[in-house]
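Place chain B on chain A using the hints.
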Amino acid sequence: MSKRKGTAMPDKRLELPQGTLDLLILKAVALQPRHGWEISERLRQISSSTLSVRQGSLYPALHRLERRGWLKSRWGTSENNRRARYYELTRSGRARLESETSAWRRLAASVAQVLQSA
Amino acid sequence: MLTDVLLRLRSIFKRDTVERELDDELQFHLEQQVNSYVNAGLDADEARRRAHLELGNPEQIREEHRDARGVRALEDLARDLRYAARQLKRAPGFTFLSVMALALGIGATVTAFKVVNAVFLRPLPFERSGELYRLTKISPSGTAQWLTVHELNRWQDENRTVAKMAGFTVMDFNLRRPEPEGLLVVWASQSFLDVFGTRPQLGRGFGPIDFDPRSDKTALISHEMWRRRYAADPAIIGLQVDLEGPTFLSQSSGRYRIIGVLPPHFWLFHSRTDFVIPMRPSAEQLNDSTQRLVETVIARHEAATPEVVRSDIAAITRQIEREASPSQTQPASIEVRSIREWQFGDLRQSFLFMMATTALVALIACANVSLVLISRTIYRQREFAIRLAVGAGRSRVVRQLLTESALLSALGGFGGILVAAGASGMVGVLIPSQIMNRVPGGVESLSIDGRVVTVALVATVLAALVSGLGSLLAFRPSQSFQNLHQTTQGLAAANRVPLQSVLVISQTALAVTLLIAAGLLSRSLIELNSIDLGIREREGLVVWINLNQSRYPKDEDRIRFYRTVFERLNMQPEIRHASGVDMPFYFEWQTVRAGTETNAPTEPSRWPEVLARAVTSTYFERHGIHLVAGRYFTEQDYFRASPVAIVSQTFAERHWPGVNPVGRQLRTVSDSSQPASTTVVGVVSDIRSGPHQPPKPIVYRPFEQLPPPWMYITIEGGRDAEGLFSAIRRAVWSVDPDQPLDGASGGPWTLGEMLSDRTERPRLIARVGIALAGVALLLAAIGVFGLLSYSVARRTSEFGVRIALGASAHNVRSLVVRRTITLTGAGIALGFCVAVFITRFLEGMLFGVTPLDPVTFMAAAFVFLAVSLLASLVPARRAMAVSPLVALRTD
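So the sequence lines, in the order shown, correspond to chains A and B.
Residue numbers for the first sequence follow the working numbering, so the first one is 1 and each next one is one higher.
Residue numbers for the second sequence follow the working numbering, so the first one is 119 and each next one is one higher.
So here's chain A without its partners, still in its complex pose (with noise of 0.2 angstroms):
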């Protein structure tokens, strides 16, 4: 494939196990109901693109989640007037991002420590 004009595609890309996927959901609406492809760019954005998410596999993600009721979704308009769906974070998912995000800290800390001591 040839150059072209735009954004270049990072070399190093990491992947995703999926738990984390769910949590990085979680976060991403966190602040406000999003569309989906609102989730995928602040992911990207976030992470700086360093993250490889499969855009296409959000979409599944978003149902699971839904269905295990930790998001809710609607349908609205969007920015641009077009019908979009959005998701939003529920108490039970804001009481999930809570755990999952203390428990991610402790596990990245203690591997780090691991590591560290050599």
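A hint or two may mislead.
[Unchecked claim] List time: in silico DSBU-like cross-link candidates among lysine-lysine, alpha-carbon distance up to 35 angstroms: (1) 672(B) <-> 335(B); (2) 132(B) <-> 27(A); (3) 72(A) <-> 132(B).
No wet-lab data here; the hints were simulated from the structure.
Quick look at chain B alone, frame taken from chain A:
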């Protein structure tokens, strides 16, 4: 969680909407992405290309989303079912036959289980019926012995293992007003209701005062009698009825006050109970050790095992005997059996046979379905090859095949339940009424309860598995690449049908085995029935007259009654002959001890027991019992004349071997009489009570000299049973209008019915065996027909070539016939091997035929061959009608 369930339901029922929503979302996503790239400076095409790349394959996304919905399995199942239904609709003939076959097989199994359930599995209508046992006293000679009231009391008072015990006897009573009717009355001891856990629905049960011989007579009435006779009037409590008791129970006739009504469906091991009266033995009855009045003893044990109870009661019995006669060396033994074992234990083998045969029939039906599915699987190899090539997983195709067989089986199972529900009538025909009447509630009580439904479901699932197995075996995915290139015809031709042949041969083998079994059982039945018991079975009606005890207390009264009745009977134009005997020949009771001058030890209690009968003078001739020596009874042998007797041949040979006994003296003594001396005036031929029984020694007395309290009167005449019965009713009621004519035990009967009582079990299994063998034969024939049709169809091109090359129609037909004979022959041979192994288990049920009877085997083979050739007619004709041009062009 609720949201999960709701979303899943939505995914199922609003599938299209959900899919559309996803598409909308993806569409929106793409648009936003494209816009963002365009705003970043990319040109439109490039932006679109990138956006698509980043989103990913939409179909894959949709698949993942479907997985995420959590209804994948259900959707797939629904799709498979729809597809399977379409496939089935495409071949309606085969579908119909398969469903029919399965419905028959499953229906037969479920029906058989319904009966087995009613007899062996359903709880009996008593509270905690598993705790109830019957205690029987067995005399040293091996026969069951009734108890005296005294013995019963001692068993009750002295035992240490039984919680509750009751004794009772079912007796024939008469009710005189308003209409004479025979009744079954239960004479019961004090804890009767307690033992069964029954409480009256109205009024009260028995209390101690009811058992006091000085107080009024009281009775409980059954629910059914209350409804029938008294229209369920609540004022029944306190009503007085006049009951006539049997002669052997003194003071049982009189006025009884009804104090309570039993609950509905009170089942006491026989057809019906009309009244229950308290056991009130007089002092004499209590102390007389020869008055054995208690027939059945039931105990409720709660914790003790039968063995413990048995030894406990046996110890009491031994003690009683030792007190009565210290020199008695041979004690009686005690048998303890559960109620179910006692009532139905003898049926176990027959019902096992029944279930085994229905299972075999069901198996044959499954084989039929399997055949159909296999044929179709082979035809569809090409379709499967294509599907596999475009990426369907192998397990997916397999799942589809199994879904088809599951759908067929489900339809068959549903049909089977319909068959079973409607087959109660069939049950009534196949299973002799004597057996069904033993079940509480009779034929009407056969219901479909939880157990039956479970069995139906299990049978259906097994059918699905077995029939699906066949098509699985025929599915050859490994050959799929070559299959793509073949024509359908070529495919079928390449497959040399070994699998189907194996199935048809197995089917045939099973059907032949069933035919052989049915044949053996039928021949046994014929042998049983044709056995010469020494008594002739004729047209006629048998009526039982139980004399009202209080009306005919004296011998002269009874003689007068019988004499007059017979006179009147002979006057009726419809009646040709009338004769009477006090007890049918095959009942084992009513015996006396007989001693002769040469052959008797001195003490009468040691004389041998023989059957005793009182007969009319016409009895012997009417029943085909012929005279061996001396004479029949005549008018001379009236009441005050010298006592005479006629003996059976066996008796004569035993007591006067080699000598003519006519003119000799014979002394008889019974529990209720003193020794009497009679003169032998004749010897008659023997009769036997059953084909396996040796002839019994019998002493006959003329009824004028020993008038019995009841009599079985046989009348023969030109009219049908109804007409004869009215004739006899007219005659009897002209003598005594209060005399009932139908005992509660049944009657009137035909002589044939009375004799058929003895063959109830052989009749059961013969009928069931024949019915099922017939069904098996039909199913196997259909299997043969199916395979032949298929075989002819696949060989169409071959036949076309042969005909083109000059083969005649005859040649082609003989090809088909040869194939038929090969198939059937192999099946029959295999069937013989299986039958040889299996009929061994039937040995106990056979009579007059060996398990390896060659005639039966040959007959079964012949029948099956004939049926197969018949089944081959249509395929053969089709083969002959093949047009060579069409055949060669067909795909």
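Hints, verified against the model:
no. : hint              : in the structure
1   : 672(B) <-> 335(B) : holds, 24 angstroms
2   : 132(B) <-> 27(A)  : holds, 30 angstroms
3   : 72(A) <-> 132(B)  : holds, 18 angstroms
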